[in-house]
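J.: Using the supplied hints, reconstruct the complex from the two chains, each of which is provided in its own coordinate frame.
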Amino acid sequence: AQSVTQLDSQVPVFEEAPVELRCNYSSSVSVYLFWYVQYPNQGLQLLLKYLSGSTLVKGINGFEAEFNKSQTSFHLRKPSVHISDTAEYFCAVSDRNGGFKTIFGAGTRLFVKA
Amino acid sequence: DTGVSQNPRHKITKRGQNVTFRCDPISEHNRLYWYRQTLGQGPEFLTYFQNEAQLEKSRLLSDRFSAERPKGSFSTLEIQRTEQGDSAMYLCASSGSYTDTQYFGPGTRLTVL
Chain E
1 AQSVTQLDSQ VPVFEEAPVE LRCNYSSSVS VYLFWYVQYP NQGLQLLLKY LSGSTLVKGI
61 NGFEAEFNKS QTSFHLRKPS VHISDTAEYF CAVSDRNGGF KTIFGAGTRL FVKA
Chain W
115 DTGVSQNPRH KITKRGQNVT FRCDPISEHN RLYWYRQTLG QGPEFLTYFQ NEAQLEKSRL
175 LSDRFSAERP KGSFSTLEIQ RTEQGDSAMY LCASSGSYTD TQYFGPGTRL TVL
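Chains as they are written, first to last, in the numbering used here: chain E, 1 to 114; chain W, 115 to 227.
Isolated chain W, as found in the complex (with noise of 0.2 Å):
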């Protein structure tokens, strides 16, 4: 068990510009979810996958943003033509079926200039 990994760490852009970001859960968990947490706030919720199927997102998910888990085991975040309010740490967790536990990645720090 190698834990939830996030690359890159961090990621320095130019506004609209756009960038992906990869989540990769440990490999037996079915669940896998995005969060963002902004300076001074508590990690938002994004959305959710259960295998590959996306099963609920959050408003704050706007059509900018698409996240993808094609295989059902690593994920994508896209965020397009990028603003200065989507500076932030972009959380991956993930979990198995049957439990409540999520298991948090180091994240990534988005910095849009």
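Chain E extracted, bound-state conformation (with noise of 0.2 Å):
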């Protein structure tokens, strides 16, 4: 079975600073890992993912994720945060031979003050 912590339930930053949401993992398989945001209303959305070959995974809107495999982490970072980040971001993990059934953690809140 897999699990998922995300280690801040809350992260408030200023505008135009750099930002990193954290996330542990622990699993008995190989997985895929997945970061999703989801903004107040919406559902969820893709962000980036982490399938194998290069640790560091980019993805939509600047944000990049790095896997370190000895640690079970996947955290995820951004250079620079805009107002419109403000969302929730959620971490998951889907065991590669069970279907793509997806584990997500408790969620991050990111609020971006001006």
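It should be emphasised that the hints constitute simulated quantities derived from the structure, not laboratory data.
Just so it is clear, CB atoms sit at the ideal spot from N, CA and C, and this is done for glycine as well.
Check the hints yourself; a few may be wrong.
[Claimed, not checked] Derived, one-sided and incomplete: chain W residues facing chain E with beta-carbon distance under 8 Å:
#, residue
1, G156
2, P157
3, Y162
4, A167
5, D177
6, F179
7, F188
8, G210
9, S211
10, D214
11, T215
12, G219
13, T225
[As the list claims (entries may be wrong)] Only pairs whose alpha carbons sit at most 27 Å apart, straight line, appear in this in silico DSS-like list of lysine-lysine:
#, chain 1, residue 1, chain 2, residue 2
14, W, K128, E, K101
15, E, K49, E, K101
16, E, K58, E, K113
17, E, K69, E, K113
18, W, K128, W, K171
19, W, K125, W, K185
20, E, K49, W, K171
21, W, K128, W, K185
22, W, K185, E, K101
T.: Written out as structure tokens, the structure reads:
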């Protein structure tokens, strides 16, 4: 079974500052890793995903994440945030052999202040 | 590609009533997933279909919950004898056979009074 821990429930940050949203996972099998964003009153949207290969993954809206197998982490970063990045961010894992059932973390609320 | 659609978007019901939600996936996608999301939590997996076959069900899915995908296209999720604890956002997602990316619908928000 897999599990996901998002280490911060809320992250306040000033506009144009860098941000890191932390995610750790546990699994006994190989997994795919994802970050999703959920804007207020909207559905989940895929930001980026790690399947294999390069451990640094770039996604939409200037976000990137780095897969660290030894630390079982998949932290999300952005060098300079905008007010419009205010949203809920979810880290997720899926079993490579499990039909892509996805296990989500509890989410991190990113709040960008002017 | 019109995306994943869900109906209704909101449902208010009284405890003990039955409710049914519908999900229309992206047309060429053969995998369909149901999740439940409560306030302040991430989505929790409920069940998933490949074509019309229901391949996995979560332990969260009590016997009051049933999901169907009769022709491998749209799916319905029914909750019988609703309880206040069933109040949540119910999310549907779909994906193609050879892709890992799930596309989510806007969800159906259920409120049980």
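J.: All hints, please: hold or fail.
T.: Status of the hints after comparison with the structure:
1. This hint holds: G156 (chain W) has a C-beta 3 Å from the nearest C-beta of chain E, less than the 8 Å allowed.
2. For P157 (chain W), the interface hint holds, the least distance from its beta-carbon to any beta-carbon of chain E being 5 Å, beneath 8 Å.
3. Of the supplied interface hints, the one on Y162 (chain W) holds, with its beta-carbon coming within about 6 Å of a beta-carbon of chain E, less than 8 Å.
4. The criterion of a C-beta within 8 Å of any C-beta in chain E is not met by A167 (chain W), whose closest approach is roughly 11 Å, and the hint is violated.
5. Residue-level restraint check for D177 (chain W) is violated (minimum Cβ-Cβ distance to chain E is 20 Å; threshold 8 Å).
6. Against a cut-off of 8 Å between C-beta atoms, the interface hint on F179 (chain W) is violated, since the closest Cβ of chain E lies about 16 Å away.
7. Residue-level restraint check for F188 (chain W) is violated (minimum Cβ-Cβ distance to chain E is 17 Å; threshold 8 Å).
8. Interface hint status for G210 (chain W): violated, as the beta-carbon distance to the closest one in chain E is roughly 10 Å, over 8 Å.
9. Proximity of S211 (chain W) to chain E is violated relative to the hint, the smallest CB-CB distance being about 10 Å (cut-off 8 Å).
10. For the restraint placing D214 (chain W) at the interface with chain E, the shortest Cβ-Cβ distance is roughly 5 Å, inside the 8 Å limit, so the hint holds.
11. Against a cut-off of 8 Å between C-beta atoms, the interface hint on T215 (chain W) holds, since the closest Cβ of chain E lies about 6 Å away.
12. Contact between G219 (chain W) and chain E, as hinted, is supported at the beta carbon level, the nearest pair being about 6 Å apart and thus within 8 Å.
13. Among the interface hints, the one on T225 (chain W) is violated; its C-beta lies about 15 Å from the nearest C-beta in chain E, farther than the 8 Å criterion.
14. A distance of roughly 31 Å separates the Cα atoms of K128 (chain W) and K101 (chain E); the hinted pair therefore is violated under the 27 Å criterion.
15. Taken as a hint, the K49 (chain E) and K101 (chain E) pair is honoured in the structure, with Cα atoms around 15 Å apart against an allowance of 27 Å.
16. Between the alpha carbons of K58 (chain E) and K113 (chain E) the distance comes to roughly 24 Å, so the proposed pair stays at or under 27 Å and holds.
17. Between K69 (chain E) and K113 (chain E) the alpha-carbon distance is near 33 Å, which puts this suggested pair outside the 27 Å criterion.
18. At most 27 Å may separate the alpha-carbon atoms for a hinted pair to count; K128 (chain W) and K171 (chain W) meet this at roughly 26 Å.
19. With a C-alpha separation of about 25 Å, the suggested pairing of K125 (chain W) with K185 (chain W) holds against the 27 Å cut-off.
20. Annotation: proposed proximity of K49 (chain E) to K171 (chain W) holds, straight-line Cα distance about 25 Å (limit 27 Å).
21. Distance restraint check for K128 (chain W) and K185 (chain W): the Cα-Cα separation of roughly 31 Å exceeds the 27 Å cut-off, and the hinted pair is therefore not satisfied.
22. Note on K185 (chain W) and K101 (chain E): the hinted pairing holds, with a Cα-Cα distance of about 21 Å set against a maximum of 27 Å.
Figure legend: structure checked against the earlier numbered hints; hints not met, in rising order: 4, 5, 6, 7, 8, 9, 13, 14, 17 and 21.
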